[in-house]
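Protein chains in written order, with this note's numbering: chain A, 1 to 282; chain B, 283 to 474.
Watch out, some of these pointers could steer you wrong.
Straight-line distance between alpha carbons at most 25 Å, and here's what the computed DSS-like set of lysine-lysine pairs gives [unchecked claim]:
1. B/K421 - B/K452
2. B/K421 - A/K38
3. A/K264 - A/K88
4. A/K10 - B/K429
5. A/K230 - B/K291
6. B/K354 - A/K10
7. A/K38 - B/K417
8. A/K196 - A/K144
9. A/K10 - B/K452
10. A/K230 - B/K354
11. B/K406 - A/K10
12. B/K356 - A/K230
13. B/K429 - A/K38
14. A/K262 - B/K354
15. B/K430 - A/K38
16. A/K262 - B/K356
17. B/K427 - A/K38
18. B/K354 - A/K264
19. A/K10 - B/K291
20. A/K127 - A/K190
Counterexamples of contact, computed for chain A against chain B with all Cβ distances above 12 Å [stated by the list, open to error]:
21. I135
22. K145
23. D170
The hints are simulated quantities; they were obtained by calculation from the structure and are not laboratory data.
Heads up, the beta-carbon is just placed ideally off N, CA and C, and yes, glycines get one too.
Here are the chains, one letter per residue:
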Amino acid sequence: MNSCGVMTYKEYLRVLKEHSPYDFSDYSDNSIYRRIDKVMRDQELTLEQLSERTRRDKEFVEQVVEAITVNTTELFRDPAVWKYLYEKHLPSLAANNFINIWHAGCSTGQEVYSLLILFNELKLLDKVRVFATDISRNALEVAKKGVYQNQIDRGCIENFNSVFDDKTGDNTRFLKYFDVDEQQDRIGVKPFLKEKIKFIRHDLVKNDVPFYNKVDVVFCRNVLIYFNVKLQNRIVQRFHEGLYNNGILILGAHEGLSGFFKTKFDRQGPVYKKSNVFHLRY
Amino acid sequence: MELSDRKFKVVVIGGSAGSFSVVSKILSQLDPGFPVPLVLCLHRLKHVRSGLVEGLNLKSRIPVVEPFDKEKLKPGVAMLAPSNYHLFVEFDSTISLSTEEVYNHSRPAIDFAYSSAAYSFREKTLGIILTGANKDGAKGLKSIKDKKGYTIVQDPTTCDVETMPQSALKLFEPDQVLTPDEIVKVLNSLVD
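So here's chain B without its partners, still in its complex pose (with noise of 0.2 Å):
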């Protein structure tokens, strides 16, 4: 089955150390008609509330945003997790937000964005794991796959920090592990 028939509902991206470089790589080459809503979870500075969606909308072709409490996904947009919140994935496709206690010494965790999108969109969700230097990540993309998700893991040679991908890696055998070109063209193969 082609991937642009499996109707993804949403992809989840996660990244840590050296991510900012591959995630506005990829948003720079995907189709502006990218028909998913997009969910971007970057560990950052908890002190630095600021400049991640500017740096990341000067070169994007779709728009990032900092998603408010429940808003709603939409295609062709990408949602940026705020600083110092963990994100979640609902149901009726809007976000929720969280400040409950930092998980893999991180919020937002990486884990709870994965595992929220699974719990709710199930086979309906793709998620990428990019370049990071922690285990975050790892579980919650493993819990997309059990779901009967698409998981792409970045491959560790093209990684600035290979922690994350391999530690996913060393849980599961992800669907795809690519390059971020590969990554950007299988982005693009959904668009119809």
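Just chain A, with the same shape it has in the complex (with noise of 0.2 Å):
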């Protein structure tokens, strides 16, 4: 209780995190805060209601999961980033006989595909194994079927198309990889994409991976940002162990590493690739 005998968020946060098996604790305060606040007002509920029904009900606990934890993506969201992978990039990674990759934090799965399609470009799916990672239940959900709504409307097409500099203009190229239906602006990814992700639940603040392979690209867009600095530099340590040397960690335009673990990885545009640099561990 704060001094005026008002339950805190961070109180709450306490109480969820002893009743379920979520830590919201080293979220990025405002956001976690504002979205508690919002799971507050569609439910009419106090703090202390919302803790006292976080401390019986399972199920409930599992809806406001849901609610705090953000599940917003978009195909190739900042195309020049994808173009830059596509040109400069993964084309090296051709002398592996496997690629293996981690998506962390993948929510309904836009960028999963996204990636899986510039290796399809690029001849080299068949060597790509995906291990998509979220804490979302529904957002997974989603990801497996690969349906999506609303993504033409939001120029999925346009951004696609400037990856690949296609000026055809007849969008041959992304009805490879997807249904589409516009009427109801819909857009459905097909069965051979699919098939090669393999989709399993997990919070990236636990502190274990779920697979034992090691991994060559670790792919983590706008995923971090809501995590506070010292969470932060625990899962980037933890991807730095699950890279094979020289494999790279793929982060949002506007995410950063910070001063320690600038030295352990090289930055290349938006590409931070594992240095062979070695350090006693901290």
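From these two lone chains plus the hints, build me the complex, please.
Spelled out as structure tokens, the structure:
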């Protein structure tokens, strides 16, 4: 309780941590507070009532977690980044026997599919194995189905064509990957892409990694922004351990690495490459 | 009490349609020794990812940067909310970015920048709303007022589009309604 005897958000997060497998205490303060605030308004509950239900109702906890996690993503968000990966970076993986990818925080999956399309265009899809993880049950369900609403309206085809400098205007390339229903503004990912991906429910806050392979690519865009620096560093450390030497980490356009990790990765445009520099663990 | 005695921790400026020239004017007349971190949250076209920060830097007398996530606010540096991200001001004077849902048809949403600053710095927040064709920012600016921060609305008669300042004025009574020249004066009065 604070000095006025009113429960604070921090205390609610502590209740949530004690009575569920979820720990949001190292999320960025402002965005988590505002999202809890939204849950309270939508459910017409006070923090005390919210805590009370959190203590006794497991299914309610799942609903709260769905409501406070962010699930926005787009196909080929920031086309310039995708173009760079396609032209400059991913081709160098052709020498590998396998290309293992961890997409951490895949949400509803648009960017996993975007990435697979790049590999298919590079004729490397056969080598690719993808682990796509997210905390949200609902988001993973959508990702598995691969059917998306209102993407055409938001310019996904234009973004797609600009990545490949495709100026033919007949969208043949796009139609290789998606079934399109223009009337309903609905697109569906073709099965040959979907079957490449192993979707796994996983909370990045937890210290485990939900598979045993080391990976060549960690893809984690606009996920770490929801965490404070302490948690960000812990997760980047885990990415570093999970990557092969010269493996790459891809972050969002306005995400960076903090001081210490800058020495453990070499930055090349939007890509952070694991460097061979040996460090004793701090 | 003099405004400079209030030791503001952040100044947040929000604007939309028509605000580029006003912001540019303010920055070009600002004292280079401006002692407070400045946050600019301007609606911008999602597909035009660059150019705005360069454009503002041309005339500005303090540096304008697009921050990375968790970057620290710095006195005398203007941080421009990056395109297609929401921006929050945190307790520890860092910036958090977010890609969560579009709000008031906007990302960045000015309401989020204002209300996060109000939440983090309370009465140490100074909020300014400029010309714009949207109601975004009104509620957020009110939250600054509610926390006893200082609020300025651009005089609607000097606005290209007056919807945004008018929505704020409908919602609450700000500390001042000022022309761009007067806004510059107030900001420069924060320099000791």
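Results for each hint:
1. B/K421 - B/K452: holds, 10 Å
2. B/K421 - A/K38: Distance ~15 Å between B/K421 and A/K38 Cα, so the pair holds.
3. A/K264 - A/K88: holds, 21 Å
4. A/K10 - B/K429: holds, 20 Å
5. A/K230 - B/K291: holds, 24 Å
6. B/K354 - A/K10: holds, 23 Å
7. A/K38 - B/K417: holds, 20 Å
8. A/K196 - A/K144: holds, 11 Å
9. A/K10 - B/K452: violated, 34 Å
10. A/K230 - B/K354: At roughly 15 Å apart (the allowed maximum being 25 Å), B/K354 and A/K230 satisfy the hint.
11. B/K406 - A/K10: Judged against 25 Å, a Cα distance of about 22 Å means the pair holds.
12. B/K356 - A/K230: Holds: B/K356 and A/K230 sit about 21 Å apart, inside 25 Å.
13. B/K429 - A/K38: The given pair, whose Cα atoms are some 20 Å apart, holds under the 25 Å limit.
14. A/K262 - B/K354: holds, 17 Å
15. B/K430 - A/K38: holds, 23 Å
16. A/K262 - B/K356: holds, 21 Å
17. B/K427 - A/K38: Within the cut-off at roughly 21 Å; holds.
18. B/K354 - A/K264: Between B/K354 and A/K264 the Cα gap is close to 22 Å, so the pair holds against 25 Å.
19. A/K10 - B/K291: holds, 23 Å
20. A/K127 - A/K190: holds, 18 Å
21. I135: holds, 15 Å
22. K145: A/K145 clear of chain B: closest Cβ-Cβ about 21 Å, beyond 12 Å.
23. D170: Consistent with the label, A/D170 stays out of reach of chain B, its closest Cβ about 22 Å off (over 12 Å).
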